[in-house]
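Q: Listed below are the residues making up each chain.
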Amino acid sequence: MIKGAFIFCFTWAIQIATFAQEASLVAAPALQDTIQAGFIHPSLSYRIQYLASRDSTDIAFNKYDIEYEIEEKTTNGYYRYVSPKVADWPSAMKYLDNAQAKGIQDAWVVYYWQEERISFKALDEIYQSLLAAKDTLTEASLSNIDANNEMGTTSISSSDQKTSPFEVEEYIEEPDSEGFLTKIFLQTIGGNYSWFYESGKENFLKKLIIRIMIITFVILVIVLFSITLFVRYQNKARKMTIKRFKKRVYGPLTELLFDDDISLEDCRNKDKLIGIIGENNLNKSLFKQVLLDELVTLSQNMKGTVKDKIKAIYQTLGLDEVSRKKIKSFRWSNIADGLDELLKLDIPDHLKEIKKLKNSKNYVVRSLAQQYIIKMDENKSLDFLLNMSYPLSEWQQVNLYRIFKSFKKEDVPIFTPLLHANQESVRIFGLKMIRYFNKLIAVEKILEEMDNYSDAMKREMLKTFLRLNVADGLRPIEKWIHVEDVTLKIAVIQYLGKLGDEHSFEILAREIERETDHMVLFELAKAMRQINQTEADLALANLALHSLKINSIYQHLKDPHLEETA
Amino acid sequence: MKKILLIEDEELILSMVKFKLEKEGFQVIIAADGNAGISMFDSENPDLVVTDLMLPFKNGIEILQNIRAKNHEVPVIILSAMGEEESTVLEAFNMGADDFVPKPFNPNELVIRVKRLLKIR
Numbered sequence: 001m002i003k004g005a006f007i008f009c010f011t012w013a014i015q016i017a018t019f020a021q022e023a024s025l026v027a028a029p030a031l032q033d034t035i036q037a038g039f040i041h042p043s044l045s046y047r048i049q050y051l052a053s054r055d056s057t058d059i060a061f062n063k064y065d066i067e068y069e070i071e072e073k074t075t076n077g078y079y080r081y082v083s084p085k086v087a088d089w090p091s092a093m094k095y096l097d098n099a100q101a102k103g104i105q106d107a108w109v110v111y112y113w114q115e116e117r118i119s120f121k122a123l124d125e126i127y128q129s130l131l132a133a134k135d136t137l138t139e140a141s142l143s144n145i146d147a148n149n150e151m152g153t154t155s156i157s158s159s160d161q162k163t164s165p166f167e168v169e170e171y172i173e174e175p176d177s178e179g180f181l182t183k184i185f186l187q188t189i190g191g192n193y194s195w196f197y198e199s200g201k202e203n204f205l206k207k208l209i210i211r212i213m214i215i216t217f218v219i220l221v222i223v224l225f226s227i228t229l230f231v232r233y234q235n236k237a238r239k240m241t242i243k244r245f246k247k248r249v250y251g252p253l254t255e256l257l258f259d260d261d262i263s264l265e266d267c268r269n270k271d272k273l274i275g276i277i278g279e280n281n282l283n284k285s286l287f288k289q290v291l292l293d294e295l296v297t298l299s300q301n302m303k304g305t306v307k308d309k310i311k312a313i314y315q316t317l318g319l320d321e322v323s324r325k326k327i328k329s330f331r332w333s334n335i336a337d338g339l340d341e342l343l344k345l346d347i348p349d350h351l352k353e354i355k356k357l358k359n360s361k362n363y364v365v366r367s368l369a370q371q372y373i374i375k376m377d378e379n380k381s382l383d384f385l386l387n388m389s390y391p392l393s394e395w396q397q398v399n400l401y402r403i404f405k406s407f408k409k410e411d412v413p414i415f416t417p418l419l420h421a422n423q424e425s426v427r428i429f430g431l432k433m434i435r436y437f438n439k440l441i442a443v444e445k446i447l448e449e450m451d452n453y454s455d456a457m458k459r460e461m462l463k464t465f466l467r468l469n470v471a472d473g474l475r476p477i478e479k480w481i482h483v484e485d486v487t488l489k490i491a492v493i494q495y496l497g498k499l500g501d502e503h504s505f506e507i508l509a510r511e512i513e514r515e516t517d518h519m520v521l522f523e524l525a526k527a528m529r530q531i532n533q534t535e536a537d538l539a540l541a542n543l544a545l546h547s548l549k550i551n552s553i554y555q556h557l558k559d560p561h562l563e564e565t566a
Numbered sequence: 567m568k569k570i571l572l573i574e575d576e577e578l579i580l581s582m583v584k585f586k587l588e589k590e591g592f593q594v595i596i597a598a599d600g601n602a603g604i605s606m607f608d609s610e611n612p613d614l615v616v617t618d619l620m621l622p623f624k625n626g627i628e629i630l631q632n633i634r635a636k637n638h639e640v641p642v643i644i645l646s647a648m649g650e651e652e653s654t655v656l657e658a659f660n661m662g663a664d665d666f667v668p669k670p671f672n673p674n675e676l677v678i679r680v681k682r683l684l685k686i687r
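These protein sequence lines are chains A and B, in that order.
Using our numbering, read the first sequence as starting at 1 and increasing by one per residue.
Using our numbering, read the second sequence as starting at 567 and increasing by one per residue.
One chain only, chain A, in its complex shape (with noise of 0.2 Å):
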């Protein structure tokens, strides 16, 4: 955070001493318009910079078949590649289009003034001494500029390069920052940015601009960084604080469910578990949650008395309530951590307030707020399942289906109320509850009202028929072997073989002489022999004689090694 602050003023500090210097070469257009106009003075001359090596002989400038000279080793260990000097801003300009046609794209002029190097700010300072002392610039010197003003056109003309002295010297020789960042701004977003480089009241506006840009843009990536790091250092800090304080729950935990001097009403006394625990942990929320966490995952791996003193001790603390109010958060993950924990701790007090999330929009609330109505209800009651918002996925089934196992047998509920609920879903899951729990006492209900059943629904109920033997429905259910849903057929014929009589079996016999589809063929070959072997076999054997598909399935049927799996 501090550091991110830090690089933020720093920033600023940057932007503030770049654009106030920038101001005042606005104010004062001088020394780069004058040269560019053709201005000589004896003092002065120019050099293109090409490149800086710290090798003497750079073999790769050589490529660019270049005229050059190398300057001396510089202080910071760098030979310079340079062009012959000259004395006038033109001649500068053509050694560097030379150089930028030649692929040298980031060459750049350099200033000496009396043999020596020097920037082009030390450059301005000189002329504008002379400019104060009204010394050199005489007359006779501006006129040169004035007789020179061809040549000030070729070096307007130059400058066309993208090229000015004042960019060239200022990114080579003081590079900060700042004009680094802006270069890179510029040529992301492309075009001519050469209006940059130059001076006047719109420009400055510009450059207002973009600097206002690269300002926000930086001061954006610094805060989104300062909170990535803020919010990775909470959450180590916050992991280190759990692992503390769960070897710190090790302890009492393990004193009070396992030590068999403590007994279960011991763990029901509050004092004496805050004795144990401690209270000053019991005050800190974090150490509560982490307790609640151990309690829960110790309660899905024991049971019998330790399980009984887990509970306690969840309830004695308190712990429930913090599991309650969890419930009532407006996040839907508090919401399903706190129904986690009342279900695998068996609380069964809030009943009526889960009762209301049993339609919550969110699929996991909704799960276990389900899921916790069926186990919590005293009166096993159903009801809540008749007038759902959404439909009851599989893997809800799962779950309650796993709750209902838990049951004792004479708990676990008829369902046959299941079997008009809004939702068919819940009806299919009636439907499968009724077969996996071996409620024959539903059947009845169920030939009542079959014919209006959904394909779906009859398809699970003809399973449900299968499985628990259920032949009382055979007649209506023969009725059915039209339809037109392949799946159901196929379930219909099963049913028929398994369940059939004389009846079924002519009913399959008309069936087959009509039928076209490959896989009902063989369904109901198979199940015409299921009923009556003999019969089926002579009968397939005479429809054999016009039907290839029913010749191959019948022989298939017919198969030996079949025959002996089967």
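Hints listed in this document are in silico derivations from the structure and should not be mistaken for laboratory results.
Idealized CB from N, CA, C, for every residue including glycine.
Among the hints, erroneous ones may be present.
Unchecked claim - Covered by chain B, per the in silico footprint, the following chain A stretches (three or more residues, Cβ under 8 Å):
1. 250-256
2. 285-298
3. 301-308
Since the structure of chain A is provided, determine the placement of chain B on it from the hints.
A: Relative to the frame of chain A, chain B by itself:
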């Protein structure tokens, strides 16, 4: 004093079962993953192993395979969640597991099974 190797990745359960078995007079050595469990077995030569089925690096079946490849005698008790595949549990028995304690479990029951396998009354 009989030495028991306890392999379980859930730290709290590990520490509690260790406490319980130690209270019953056993020496308990612990490992929190499959690799550590196998190296503990090699170095400590325990009289009985209690291992969870689902463990990091090497699961309970692999540990059992490893143990049986070296020692046919040492009893191994498998601790496992009820939801675990039945085939996995059967595989554990086929591999030579001596007992299976489904989770959630009663620690007293585990102690009885341990004592029975070690023929301690």
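Q: Each hint: holds or not?
A: Structure-based check of each hint:
Only residues whose beta carbon comes within less than 8 Å of a beta carbon in chain B count, and the region 250-256 of chain A has 3; three or more means the coverage holds. Chain B is given as covering the region 285-298 of chain A, and this holds because 3 residues of the stretch bring a CB closer than 8 Å to a CB of that chain, at least three being needed. Here the region 301-308 of chain A counts 7 residues with a CB under 8 Å from a CB of chain B, which clears the bar of 3, and the coverage holds.
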